[in-house]
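> Required output: the full structure, derived from the provided sequences and hints.
Note that full-length UniProt numbering has the sequence shown beginning at 1, numbered continuously upward.
One or more hints might be untrue.
Pairs of lysine-lysine residues, derived as DSS-like cross-links and limited to a Cα-Cα distance of at most 30 angstroms, are as follows [unchecked claim]: (1) Lys-24 with Lys-3; (2) Lys-24 with Lys-144; (3) Lys-3 with Lys-112; (4) Lys-104 with Lys-24; (5) Lys-105 with Lys-24; (6) Lys-24 with Lys-145; (7) Lys-105 with Lys-16.
Cβ pair distances, simulated, as ranges [as the list claims (entries may be wrong)]: (8) Gly-147 with Gln-88: 40 to 46 angstroms; (9) Val-148 with Gly-81: 34 to 40 angstroms; (10) Gln-88 with Ser-60: 38 to 44 angstroms; (11) Lys-145 with Gly-102: 26 to 32 angstroms.
Hint data in this document are derived by calculation from the structure and do not stem from the laboratory.
For glycine and all other residues, C-beta sits at the position ideal for the given N, C-alpha and C.
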Amino acid sequence: MAKFMLGSARHQLDDKGRVRIPAKFREGLGASAYILPGRAGSLYIVPESRFESVISSLTSSSLYANDDTNDLATAVMSAGGSLEEDAQGRVRIAPELLKAAGIKKEVVFVGKATYVEVWPAEVWDSRYSVLDPENLERIIERLKKFGV
Numbered sequence: 001m002a003k004f005m006l007g008s009a010r011h012q013l014d015d016k017g018r019v020r021i022p023a024k025f026r027e028g029l030g031a032s033a034y035i036l037p038g039r040a041g042s043l044y045i046v047p048e049s050r051f052e053s054v055i056s057s058l059t060s061s062s063l064y065a066n067d068d069t070n071d072l073a074t075a076v077m078s079a080g081g082s083l084e085e086d087a088q089g090r091v092r093i094a095p096e097l098l099k100a101a102g103i104k105k106e107v108v109f110v111g112k113a114t115y116v117e118v119w120p121a122e123v124w125d126s127r128y129s130v131l132d133p134e135n136l137e138r139i140i141e142r143l144k145k146f147g148v
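Structure representation (structure tokens):
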């Protein structure tokens with residue numbers, strides 16, 4: 001099993017909101033994965049083990065002592081859901097999550113080491129395209145801060 005999920009891949013949603021998770025991420029996600037609202041209009045797909053850790057943190061005994069944590073728990077648990085493959089290896093993304101992320105047809109799956117982000121292709125292309133020379137230069141400068 002690969003230690004980290006890295007790279008990106010583009011896929012098309014079908015008319016029912018189904019898409020194939022790229023093969024390079026399937027092993028890292030395991031047999032059971034969950035989808036959650038993410039940052040800046042993305043969605044997160046997390047393996048069950050990581051999801052269990054998130055839920056454990058959100059439902060700790062101090063949950064109700066902190067309004068921010070309680071609000072986050074409500075948002076994550078009400079909007080998130082498990083992903084189950086159909087016979088053709090596709091997963092269905094709930095219409096509410098597609099709408100919240102602004103996903104219409106094409107998505108970009110992005111490996112983030114221990115989970116996968118799903119972005120609307122147009123957002124990914126305009127904000128994060130690594131192959132754009134200007135973005136690449138900015139990324140290289142930022143990596144220097146981490147000693148790379």
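> Each hint needs a verdict: does it hold in this structure or not?
Now the hints, each set against the structure:
A distance of roughly 12 angstroms separates the Cα atoms of Lys-24 and Lys-3; the hinted pair therefore holds under the 30 angstroms criterion. A hinted pair counts as satisfied when its Cα atoms are at most 30 angstroms apart, and Lys-24 with Lys-144 qualifies at roughly 28 angstroms. For a cut-off of 30 angstroms, the pair hint linking Lys-3 to Lys-112 stands: about 12 angstroms separates their Cα positions. A threshold of 30 angstroms between alpha carbons decides the hint, and for Lys-104 with Lys-24 the separation of about 23 angstroms falls inside it, so the pair holds.
A threshold of 30 angstroms between alpha carbons decides the hint, and for Lys-105 with Lys-24 the separation of about 21 angstroms falls inside it, so the pair holds. Proposed proximity of Lys-24 and Lys-145 is supported: the alpha carbons are some 29 angstroms apart, at most 30 angstroms. For the suggested pair Lys-105 and Lys-16, the alpha carbons sit about 10 angstroms apart, so the restraint of at most 30 angstroms is met. With their beta carbons about 44 angstroms apart, Gly-147 and Gln-88 fall inside the hinted range of 40 to 46 angstroms.
Separation of Val-148 from Gly-81 is about 36 angstroms and conforms to the stated range, judged on CB atoms against 34 to 40 angstroms. Distance hint for Gln-88 and Ser-60: a CB-CB separation of about 39 angstroms, consistent with the stated range 38 to 44 angstroms. In this structure the supplied range 26 to 32 angstroms holds for Lys-145 paired with Gly-102, their Cβ-Cβ distance being about 30 angstroms.
When the structure is compared with the earlier hints, no violation turns up for any of them.
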